[in-house]
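2 protein chains.
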Amino acid sequence: VSSTARTGRRKGVTKTREAIAAAARHAFAELGYDRATIRTIARSAGVDPALVVHFFGPKDALFVEVMASPVQSDAMARLAEEDRSTIGRRLAELVMTVMEDADGRAILLGRIRAASTEPAAVELVRETVVRNMAPLTAALTDDQPERRAALVGAHVVGIALARYVVEVEPLVEMTPEELVDALAPTFQRYLVEPLS
Amino acid sequence: VSSTARTGRRKGVTKTREAIAAAARHAFAELGYDRATIRTIARSAGVDPALVVHFFGPKDALFVEVMASPVQSDAMARLAEEDRSTIGRRLAELVMTVMEDADGRAILLGRIRAASTEPAAVELVRETVVRNMAPLTAALTDDQPERRAALVGAHVVGIALARYVVEVEPLVEMTPEELVDALAPTFQRYLVEPLS
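Residue numbers (the working numbering), protein chains in the order written: chain A, 40 to 235; chain B, 40 to 235.
If you're looking for bench data, these hints aren't it; they were derived computationally from the structure. No incorrect hints appear here.
Label pairs and their computed distance ranges (CB to CB): (1) F94(A) x V52(B): 53 to 59 Å; (2) K54(A) x T180(B): 51 to 57 Å; (3) R78(A) x V231(B): 48 to 54 Å; (4) V103(B) x P97(A): 32 to 38 Å; (5) A114(B) x E212(A): 25 to 31 Å.
Listed below are several chain A residues computed to face chain B (Cβ distance under 10 Å; list not exhaustive): (6) R187; (7) H194; (8) S235.
Just so you know, these numbers come straight off a predicted model, no measurement behind them. The C-beta atom is built at its ideal place from N, Cα and C for all residues, glycine as well.
Let the hints inform the model, and build the full structure from the sequences given.
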């Protein structure tokens with residue numbers, strides 16, 4: 040086997056793996072954990088179910104692997120470096136950018152929908168709510184940074200569930216810019232103003 | 040059959056029906072819609088599965104019936120009658136009272152957990168997010184009352200999911216009073232202050 044052939048095969052494997060991961064992400068986001076089966080994921084990726092299991096193992100392992108990529112954690116950390124009087128608005132803008140991006144939204148919604156039933160997903164939603172946000176709040180203040188991260192994270196999760204899963208009309212109709220305007224002062228307070 | 044016997048039988052039926060409804064509410068809240076089966080609900084109510092179906096019909100009909108009771112809608116409407124400078128705090132207090140009550144929490148969590156997979160539940164979560172809150176915001180202002188209701192509702196849903204389903208530590212550790220302090224200014228702004 041020549042090295043070119045090997046590279047070609049490796050590329051093919053990587054491509055197939057990525058196709059399965061993308062199909063899984065969208066199936067979990069759209070159907071929820073219980074209804075997204077290995078079979079439906081394989082079908083939408085155009086592969087045999089056995090290949091999905093071969094690459095990723097059982098469904099809970101597949102879920103954790105495709106949903107684990109952190110949501111914009113670098114961009115999140117950099118927010119603290121700039122003017123803190125605009126931190127609420129800049130975080131709201133970043134959150135809306137992630138939610139309006141197809142892949143960012145699939146990861147966020149996949150986690151949230153699965154959290155209702157799947158222990159592995161509960162851990163990832165905890166990460167969404169606190170761990171993603173905690174480095175930011177820790178860099179901003181030493182007054183209850185974890186509570187601040189959790190309050191912002193819980194609000195983000197609520198907005199995502201209401202706008203994209205339940206499709207609550209007044210929230211669906213708001214533009215990302217209008218949502219940024221509405222959320223910015225709330226995030227500003229949760230991030231840097233007194234909590235009580 | 041004497042009228043006393045008939046009353047006795049009716050009371051027995053009502054009691055059994057209520058026991059099934061309570062068992063269903065808690066199963067939906069704890070297991071989520073897909074994993075709460077007619078069989079598990081019947082077992083926890085101490086009745087035959089056929090009796091559950093006889094009283095309530097199939098699972099989706101059972102879900103809607105036991106989850107449909109509005110969450111404190113009278114108390115919610117009365118909030119608008121008092122001082123609007125304290126409306127955010129009074130709403131936060133009412134929300135925490137509902138969430139810290141076992142039945143109120145079961146209804147709220149049952150709806151939220153089911154919303155990920157069950158169309159009938161999606162409609163009830165829409166109700167949780169907007170319809171419960173809309174009469175309050177409509178009584179307070181004619182500046183975007185539905186958006187205001189949706190923003191508050193989405194935040195409540197996010198806090199409920201994070202505190203009781205995902206059990207995000209910093210939120211679990213907060214007392215209801217601390218949560219009221221944290222949420223009150225946010226609700227105040229969403230209810231009566233400019234949104235942008």
